[in-house]
Structures are given as structure tokens and as C-alpha cells.
Amino acid sequence: MADLTAFFAMGGHGGYVWPAYGLAVLVLVVLLVASIRAVRKQERDLETIQSLRPARRRRTSVNQGEQA
Amino acid sequence: MHRFANPARFLRIAAIVQPWAMAVAVLSFAAGLWFSLLASPADYQQGETVRIMYIHVPSAWMGMFCYTAMAVFSAMGLIWKHPLADLMARATAPVGAAFTLICLVTGSLWGKPMWGTWWVWDARLTSMLILFFLYLGYMALADAFDDPERGQKAANILALVGVVNVPVIKWSVDWWNTLHQPASVVKMGGPAIDASMMVPLILMALAFKAYWVVVLILRTRAEIAAAKLRTLRMAQVHAAGQTEVELHG
Numbered sequence: 001m002a003d004l005t006a007f008f009a010m011g012g013h014g015g016y017v018w019p020a021y022g023l024a025v026l027v028l029v030v031l032l033v034a035s036i037r038a039v040r041k042q043e044r045d046l047e048t049i050q051s052l053r054p055a056r057r058r059r060t061s062v063n064q065g066e067q068a
Numbered sequence: 001m002h003r004f005a006n007p008a009r010f011l012r013i014a015a016i017v018q019p020w021a022m023a024v025a026v027l028s029f030a031a032g033l034w035f036s037l038l039a040s041p042a043d044y045q046q047g048e049t050v051r052i053m054y055i056h057v058p059s060a061w062m063g064m065f066c067y068t069a070m071a072v073f074s075a076m077g078l079i080w081k082h083p084l085a086d087l088m089a090r091a092t093a094p095v096g097a098a099f100t101l102i103c104l105v106t107g108s109l110w111g112k113p114m115w116g117t118w119w120v121w122d123a124r125l126t127s128m129l130i131l132f133f134l135y136l137g138y139m140a141l142a143d144a145f146d147d148p149e150r151g152q153k154a155a156n157i158l159a160l161v162g163v164v165n166v167p168v169i170k171w172s173v174d175w176w177n178t179l180h181q182p183a184s185v186v187k188m189g190g191p192a193i194d195a196s197m198m199v200p201l202i203l204m205a206l207a208f209k210a211y212w213v214v215v216l217i218l219r220t221r222a223e224i225a226a227a228k229l230r231t232l233r234m235a236q237v238h239a240a241g242q243t244e245v246e247l248h249g
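Protein chains in written order, with my numbering: chain A, 1 to 68; chain B, 1 to 249.
Hints in this document: simulated from the structure, not taken from any laboratory. One or more hints might be untrue.
[Claimed, not checked] Simulated crosslink set (DSS-like; lysine-lysine; CA at most 30 Å straight-line):
hint: 1; chain 1: B; residue 1: K228; chain 2: A; residue 2: K41
hint: 2; chain 1: A; residue 1: K41; chain 2: B; residue 2: K153
hint: 3; chain 1: B; residue 1: K112; chain 2: B; residue 2: K209
hint: 4; chain 1: B; residue 1: K170; chain 2: B; residue 2: K153
hint: 5; chain 1: B; residue 1: K209; chain 2: B; residue 2: K228
hint: 6; chain 1: B; residue 1: K112; chain 2: A; residue 2: K41
hint: 7; chain 1: A; residue 1: K41; chain 2: B; residue 2: K209
hint: 8; chain 1: B; residue 1: K81; chain 2: B; residue 2: K209
hint: 9; chain 1: B; residue 1: K228; chain 2: B; residue 2: K170
hint: 10; chain 1: B; residue 1: K153; chain 2: B; residue 2: K112
hint: 11; chain 1: B; residue 1: K153; chain 2: B; residue 2: K81
hint: 12; chain 1: B; residue 1: K209; chain 2: B; residue 2: K153
So here's chain A without its partners, still in its complex pose:
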């Protein structure tokens, strides 16, 4: 327990060390999640619009199959 307390205290500089690590993790996670969401949205939209194009695929059966 004393070990853990000492670990979080960081020799009295815990107030500087932990925010530094916290901010780094926060920024990197937010950017990663935003990037994953962006790629999912764009690739899903692209699939939808491509499946609606009669020139490329048959409108009827394929479309219903994808929505199910």
C-alpha cells in the first residue's frame, strides 16, 4: 500500500507527471476513435451509394440482401 502511494506521489511531482501521461493518452485515444468512426461512416456510405447504382449492380435482390 505504501508502495502504491509512493508510486502515485512520484516524489512529490505526481501533480505534473500524471496529467502529462493522462493528456497524452486522452489526445491519442480521441484521435484514434475519431479516425475509426470516420472510416466506418465513409466506407458504409460508399457501400450504400454503390449498391443503389443500377449500372453496377442489380437494384432489387442485392440491395435487399445487404439490408437484411
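Place chain B on chain A using the hints.
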């Protein structure tokens, strides 16, 4: 280089590289955190605050690396009109901005207990702040026009002009009197820090580099899909317009 400018080929290569980059990122982050927080000693001068350096220094490297990569992609986009190079420059910008922000804030958090101040307007800190603004300017400019091509061209030019800042950052500690300490890892005569501190530094640098690869692939994929979507929608509008003309004409 031209062989890789094909989006379909990029997507094929990306599908192979992505899981490996993710594995390297996760493993080196885990090992890097272990070494930087637990399995490395406190510094005899800096105490435990030296642990901030294991984030601060690699993110500073990444801030400069991403900008250089962005400028190279921008040059390729301008010179050879490679659409994929434009998209990769766009995909790199937010990663570089994120690392530059992390570098600035962690530097500040280290500066307060060690220098006694959050911020000084010295050459190294100021040029790093300019780097952050260059990223913001690039991202704002790339999306500032209704015609995406015009915005991209303006942003590419900004990226190329701004690249002059990268060597200024690198050598600012040698050219001017500054509070910031000079390089201690990449220097003549080998690194001036102990192996116990080199290990977490290298692991974190590796983790950040792998993170960049992962996010670059994700964002480039999103940009490729968005570009295809734009083309398809334009074709639809065009086709609808033609039908209209035929009906009324």
C-alpha cells in the same frame, strides 16, 4: 513511387500492414509505459519528473517527423498531381498536430517544477508553437474552399513553405541562447543518457511511430472513400441534370 499512387493498391497494402502496425503499437505502448513509469530510475537532478520526458521527447520527434512527411506528400501532390499523396498529407496533419500539442503541454508540465515557469518565449518553445499553428492552418485551409482541389493546393503550398520551420526547431537550441537543453539523444559522439532511460524513450518512440501508421491508414481509407463518394454523387447530379434536359428539351 508511382506504383504506390494507386488507391486500390494502397488499400491492398494497407490491409496487410494495418494489423502488424496495431500489434507493434499495442506491444510497444505496454512495454513503454512499464519501463517509463516503473522499471526506470528517477533522475539525479530531475527526480521523478524525468518520466515526463518519455512522452515529451518522442512526441516532439513525431511533431517534426509528421510535418516532414506531410510536406513530402504535399510536394508529391503538387508536382505529380497524385491524389493519393494529397490524401495522405491530409491524413497525417491531425496526427502531427496531436503530437505537437502533447509535446507543448507535457513540456509545460515539466517546466513548471524544473524551470519554475510554465512557458518562456524562447526559440525552441516558440518554434514548436509555430509548428502547431502550421498544422492548424494546413487543416483549416484544406477544407476552406467549396472546390476541394483548390483548398488542397493552397494547403499543400502552406505545408511546403512551413517546412522551413522544421530545421529551425531542430537547431534552435544551438543557434540561440535558450532555456531548453540541447539534444542529448541524437548527437555527435553518441547519446548522453543512460541505457535505463534510453529503453523507455525508444519504446515510446516506436509506439508513437506505429500509432501514426495505424491512424494514417485509417484516415487515408476514410479520405479515399470520401473522394469516391464525391465522384459518384457528382455523376448522379450530372446524370439527373441530363435527364432533366432531355425531358424539358
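(request) Mind checking the alpha carbons of K112(B) and K41(A) for me, to see if they're no more than 30 Å apart? (result) Given pair K112(B), K41(A) is violated - Cα atoms ~42 Å apart, limit 30 Å.
(request) Starting from K112(B), check that the Cα of K209(B) is at most 30 Å away, please. (result) OK: K112(B) and K209(B) at ~28 Å, within 30 Å.
(message) Please verify whether K41(A) and K153(B) have alpha carbons no more than 30 Å apart.
(response) holds (26 Å)
(request) With a cut-off of 30 Å on the C-alpha distance, tell me whether K228(B) and K41(A) pass. (result) holds (13 Å)
(request) Mind checking the alpha carbons of K228(B) and K170(B) for me, to see if they're no more than 30 Å apart? (result) Violated: K228(B) and K170(B) sit about 39 Å apart, past 30 Å.
(message) For a C-alpha distance cap of 30 Å, please report whether K209(B) and K153(B) respect it.
(response) holds (27 Å)
(message) Next pair to validate is K41(A) with K209(B); report whether the Cα-Cα distance is within 30 Å.
(response) Holds. K41(A) to K209(B) sits at ~25 Å (cutoff 30 Å).
(request) For the pair supplied as a hint, K209(B) and K228(B), confirm whether the alpha-carbon distance does not exceed 30 Å. (result) Holds. K209(B) to K228(B) sits at ~28 Å (cutoff 30 Å).
(message) For a C-alpha distance cap of 30 Å, please report whether K81(B) and K209(B) respect it.
(response) holds (27 Å)
(message) Run the distance test for K170(B) versus K153(B): straight-line Cα separation, threshold 30 Å.
(response) Holds - the C-alpha atoms of K153(B) and K170(B) are around 27 Å apart, at most 30 Å.
(message) Just to be careful, I want the Cα atoms of K153(B) and K81(B) compared with a cutoff of 30 Å; is the pair within it?
(response) Within the cut-off at roughly 10 Å; holds.
(message) Please verify whether K153(B) and K112(B) have alpha carbons no more than 30 Å apart.
(response) violated (41 Å)
Checked against the numbered hints above, the structure violates hints 6, 9, 10; every other hint is satisfied.
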